[in-house]
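Participant: Sequence:
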Amino acid sequence: MSAPADVSLRGSEEQPPRARTGSDVLPYVAALTGFAVLLDAWPAQAPLTVGALVVGTLTLAILAFARLLAAARGSVREESEATAKNLEARFLALAQHSSDVITILDERGIVTFVSPAVATVLGYEPSRLVGTRLTSLLHADDVETAELFLAEISQSPEPPATSSRPVHQSEWRIAHANGDWIPVVTVGTNRLLDPMVRGLVLNTRDVTEENALKQQYRHQSFSDPLTDLANRSLFLYQVGHALTRAVRLQQPVSVIVLDLDNFKTVNDSLGHAVGDQLIIEASRRLARCVRDSDLVARLGGDEFAILMEDSTRVDDANVVADRIALALAKPFTLNGKDVFVSASIGIAGTTGGESADELVRNADVAMYVAKTRGKGERVFFEPAMHAAALERLVVEADLRTAIEREEFLLHFQPIVQLDSGEIVGAEALVRWACRNRGIVPPSLFIPIAEETGLIVLIGRWVLRRACQTAREWEEERGKPMRISVNLSSRQLREPGIVDDVRDALRDSGLDPQYLVLELTESMLMHDTDLSVARLTALKQLGVSLAIDDFGTGYSSLSYLQRYPIDILKIDRSFVEVIDQRGDGPVLASAIVALADSLRMSTVAEGIETEAQRAALRQLGCELGQGYLFAPPLDAAAFYRLLLARGARSCPPLRWHRKLGAAA
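The numbering of the sequence shown is numbering that gives the first Met the number 0, which starts it at 0 and goes up by one.
Check the hints yourself; a few may be wrong.
[What the hints assert, rightly or not] Simulated crosslink set (PhoX-like; lysine-lysine; CA at most 20 Å straight-line):
#1 K374 with K263
#2 K263 with K336
#3 K329 with K374
#4 K263 with K370
[Claimed, not checked] For each label pair, taking beta carbons as the anchor points, the in silico distance ranges come out as:
#5 D321 with K213: 35 to 45 Å
#6 L389 with Q249: 25 to 35 Å
#7 A635 with R598: 33 to 43 Å
#8 R287 with A118: 47 to 57 Å
#9 S596 with L456: 37 to 47 Å
#10 R283 with P651: 52 to 62 Å
#11 Q512 with A328: 39 to 49 Å
These are calculated hints, taken from the structure and not from any lab test. Glycine residues also receive a C-beta, built at the ideal position from the N, C-alpha and C atoms.
Whenever a hint applies, use it, and build me the whole structure from the sequences.
Facilitator: Pasting the structure below:
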């Protein structure tokens with residue numbers, strides 16, 4: 000049926016211009032011919048007047064022009080009809096092959112035409128939808144939107160076909176033949192005055208996949224990829240909304256920020272994969288500690304945050320913090336190993352006028368204060384903490400400058416034989432002589448150095464200076480002395496720690512047997528394989544190893560048997576009660592007995608009275624340090640004391656474990 004129409008359209012459009020010109024002049028030829036005939040007949044017909052001749056000629060001309068006008072109108076009509084048929088054919092072809100659903104509605108919203116794509120997109124045969132009302136197919140919640148949309152199109156003036164037409168767009172859900180709701184975007188134009196259409200033309204596109212991609216991108220933008228919790232961006236956004244609602248409802252908003260203690264040790268020692276497992280499991284436990292209305296987010300690394308709104312009690316955040324502490328107290332089993340972590344928790348609540356950034360920052364500041372007070376602590380934000388946080392940033396900046404300028408010095412506290420009181424060694428303690436602050440106490444800058452990693456550079460300087468000083472005293476006195484240097488957990492995890500110790504010994508010329516490296520128990524808790532390997536490598540250099548503050552950590556007999564440790568230093572908390580009645584001496588006695596059984600030497604810390612010294616001697620402890628003998632002294636003062644009370648020789652440790660004994 001379409002072929003003849005196409006042929007006729009092409010015939011009308013492609014008619015040669017010359018043929019049309021010939022047909023256009025034929026009426027003029029006919030009129031002139033008639034006029035010539037009349038002139039020829041005029042002499043023969045004398046009665047025929049000139050007027051009659053003119054009338055006849057004009058009549059012939061008028062008839063010819065009338066015929067021409069009729070032919071022209073017919074040609075225009077045929078061309079218009081052909082053009083209309085051509086446009087209709089093109090429209091039908093577009094509708095036939097378009098992947099979008101094209102629908103025409105009358106002014107009442109009744110479907111008068113729908114393209115075949117409706118079968119693919121919505122599962123309906125086109126004939127089934129013709130005569131139905133469009134809104135009957137829409138989701139009940141979207142009907143009002145659609146009606147307003149159609150009314151807006153209907154009321155929109157339709158400009159001439161040659162100008163741009165106003166386009167309207169809306170989104171709704173439409174019923175699929177299988178019962179599903181399909182999200183679609185519909186673009187509509189007003190063609191009510193178009194004689195070919197006489198309706199509202201809707202172009203409908205299925206956006207299911209598009210919406211799914213948008214949702215995926217939105218999820219990726221606002222979710223933490225490891226834990227699937229909210230990320231920092233989403234958390235700050237939600238805190239902002241919560242603060243807006245809080246002003247309107249007059250309800251408090253609280254933010255909890257927490258950081259896992261010792262996560263850095265776990266991550267570095269057991270590997271990043273195990274660290275990720277710890278983060279995932281911790282996030283699951285946190286999610287079980289909050290209400291359904293609370294939001295849990297991972298801000299980055301091992302730092303989490305919780306948003307609490309609509310709280311009716313001031314201590315609701317404290318209740319959640321209690322749950323978190325209990326949840327994290329249970330061991331995490333990672334790669335067959337039990338790992339224990341706690342959390343430092345900071346809590347901040349609204350007092351009026353805070354922004355989202357300020358409220359989260361306040362909780363973060365409180366968390367850092369909690370971290371400086373020890374593991375598993377919680378702190379509520381106070382305004383003075385903000386000033387302290389700013390001061391911390393200043394201290395960190397000054398500390399970096401101090402490393403460049405070497406603004407550090409060493410103090411030394413003597414280690415003596417308890418029976419004779421003679422000095423056989425010293426513990427090197429770093430001090431910061433800041434140009435602007437004076438002497439900065441270690442309790443202020445050491446935690447900052449640990450957190451920032453600057454402790455590695457500081458520790459390397461301490462190690463080299465301590466070895467140099469001990470060697471200088473040995474050359475001046477002619478007698479050696481043991482020097483003890485503390486290693487931080489960050490230093491032990493550094494791959495270059497063995498080279499640092501080797502270089503310090505080589506450059507100073509100090510015999511390795513006179514260097515003691517002190518570590519804490521907590522440093523040995525994670526990744527025992529790595530710790531054993533590092534300590535074994537250090538031991539092979541010929542140095543001695545000591546566990547500082549023994550008894551306050553989590554060491555077990557199995558750990559002590561694996562590590563090549565030579566010395567246990569009894570923590571001052573056990574020494575200060577050793578001369579008291581009751582259970583005071585029990586723990587100190589147990590540590591001395593344990594050291595003897597494992598063939599280790601003991602050093603008691605914090606001895607302040609003769610009674611404590613006597614009790615330790617009775618238990619069999621051989622070495623000690625504390626204010627009873629001397630406080631930490633600068634190098635010059637210590638050397639004077641060493642000349643007066645130094646041992647004539649440096650006796651070897653009673654026990655010095657061999658590498659084979661530690662394995």
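Participant: Indicate, hint by hint, whether the structure satisfies it.
Facilitator: Structure-based check of each hint:
{"no.": "1", "hint": "K374 with K263", "in the structure": "holds, 14 Å"}
{"no.": "2", "hint": "K263 with K336", "in the structure": "holds, 17 Å"}
{"no.": "3", "hint": "K329 with K374", "in the structure": "holds, 15 Å"}
{"no.": "4", "hint": "K263 with K370", "in the structure": "holds, 14 Å"}
{"no.": "5", "hint": "D321 with K213: 35 to 45 Å", "in the structure": "holds, 40 Å"}
{"no.": "6", "hint": "L389 with Q249: 25 to 35 Å", "in the structure": "holds, 32 Å"}
{"no.": "7", "hint": "A635 with R598: 33 to 43 Å", "in the structure": "holds, 38 Å"}
{"no.": "8", "hint": "R287 with A118: 47 to 57 Å", "in the structure": "holds, 49 Å"}
{"no.": "9", "hint": "S596 with L456: 37 to 47 Å", "in the structure": "holds, 39 Å"}
{"no.": "10", "hint": "R283 with P651: 52 to 62 Å", "in the structure": "holds, 53 Å"}
{"no.": "11", "hint": "Q512 with A328: 39 to 49 Å", "in the structure": "holds, 43 Å"}
Of the numbered hints stated above, none is contradicted by the structure.
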